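S.K.: Spelled out, the chains give:
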Amino acid sequence: MLLPVIIAIGIFLFAPVGRTEGLEFSGFARAVAGKIDTEKATYEGYDNSISFSEKSLIALQADYSFSSSFSVSSQLLLHTDDDRESGIEWLYLTYAPSESFQINAGRLRTPFLKYSDVIDVGFAYPWINAPQQLYSSYLFSQYEGANARLRRTFGDVVVDFEAYYGKYEDELESSGINVDIEVNNLFGGVIEVNYGGLQLRTATVNTPKVETTIDEIAPLLQGLKAAGFNSIAENFEINDRAGPFLLGVSYDALNWYVSGEWMKVSSDIDVLANLESFYVSYGYYVDEVLLHLTYASSRQSLDTIENTIPVGVSSALDQLYFAVEQLNSFFPTDDLDTWTLGARWDVKTNIALKAELSILDGKEGKSSFYDIKENNFDRNAALYQVAVEWVF
Amino acid sequence: MRKQMLFFFLLLCSRIAVAQDGVWVVANVSEQNFALTKAEVRNLFMRSTTSSSDALIPVAMSPGNRSRAIFNSKIIALTESRIQSYWAQMRFSGRQIPPIEFNSLDALLEHVTNTEGAIGYVPAGTALPENVKVVYRSF
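Heads up: the sequence lines are chains A and B, in that order.
The first sequence: position 1 = 1 (this note's numbering), numbered continuously.
The second sequence: position 72 = 72 (this note's numbering), numbered continuously.
It cannot be assumed that every hint is accurate.
[Claimed, not checked] Here are some chain A residues the structure puts well away from chain B; computed CB gaps all over 12 Å: (1) D37; (2) G87; (3) G223.
[As the list claims (entries may be wrong)] Covered stretches of chain B (chain A as the covering partner; in silico rule of three or more C-beta atoms under 8 Å from a C-beta of chain A): (4) 74-81; (5) 104-118.
[Stated by the list, open to error] Computed list of lysine-lysine pairs in DSSO-like fashion (alpha-carbon distance at most 30 Å, straight line): (6) A:K35 to A:K366; (7) A:K264 to A:K366; (8) A:K348 to B:K38; (9) A:K373 to A:K40; (10) A:K209 to A:K264; (11) A:K348 to B:K74.
The hints are simulated quantities; they were obtained by calculation from the structure and are not laboratory data.
These figures come from a predicted structure and were not determined experimentally.
The beta-carbon is built from N, C-alpha and C at its ideal position, and this holds for glycine as well.
I would like the entire structure built from these sequences, with the hints used as guidance.
M.R.: And the structure:
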């Protein structure tokens, strides 16, 4: 936390003085409206009335160059989403001695999926809503630490390498549960191979020990331990390894593209278990309008924790038993298939209008990325969205 | 006679049209026979890198310019909107910023002429100063 503060003070103290020609401002904004066609659940904050506030945001980036190889960048982000905090998203020092090598240190966004580190910059990708099965905020979206980026050219093939190390702390809200997450030794890497319009990507994040605190379940875990059910309590404690792995491929031609990403999250954390998801997308340009179709799918395998508490012995134990049963159903099981049809029209070189329809086909008995309000909800819904994306 | 005149006129028009549909990639380089392949030009303008030289600094025409449209479709092989979203991704992930853009051919040529290692593109057939060489031809 200290490093970003020092950098921030540095920027605000020194930037306006003297060489203001080294200071550059840019930014991006998006206004997104959407709704789903059911009242039995919400999806990414959307319910069956039109909402503008789930994804709309504005960000201002300041880049200040001290010299040809040293610069500092900061990105201030303001959201309308209740689940996300507004504030400084990025704040880092860059040392770039050449076009093909750079080191960044500070608060950075974790690179993993193709658009992970620009997920707030809707202008950078075709969808309004990048496939939720991969892009949902489960992963460690930002970290405090450092990265190194190296670019090598082999004939016509350009290869980008990126490695990073840092720590991550965040509060997540998943299916209505607040989770505090802390990862002290987060490290990972990305390799991206580009040959003409063809791109191959692979990435991984390693988190040897994820420490989480879920206030809602702390009293229950204490109760379990006090009653001697340590093994059950331990199963619910999320303090272990999680490691996502990614493969991506895309081909961009002049008037069409195909792209896909496949992700597997394996973890030793009993209640999070394993998640496998992918999407395949095709886009076709008709003049300035892009039409695109995407299929995305996710499967989560959850190890249900064996409830060994005897029933009918005492009312206290019965209560514990039912609490564990409830807890078992508390963790998300995000099995979901979606078809998304969308259009993007670049009205100006820096403004795009988008419209999108997603058919959400969730699975019975699973959470499927919904916040379910009525248990008889069949997990099927349609999501409608329109957006304006702007960069400046 | 009038028919012949018309024929020559049409021939002239078609020649101009052909000339307008091509772009030359031009650079301020000292090496006499310096040349790039199409893939090298693409990598240089999209990723600031080539296998032959790291010292070249690309400059571009502004969006809406005809040479830029031809360059985009023939060499980069992407639409203007795809290129714009690519640069938004590069800029806001702190990776790279797009080449400097010029509003007019004269301004771009002046920059290339006065900057060693600068590389840009111009309509095929453009008269070039002595120190600016054609390094790739696209027709």
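S.K.: Enumerate the violated hints, using their earlier numbering and listing them in ascending order.
M.R.: Of the numbered hints given earlier, the structure breaks just one, which is hint 5.
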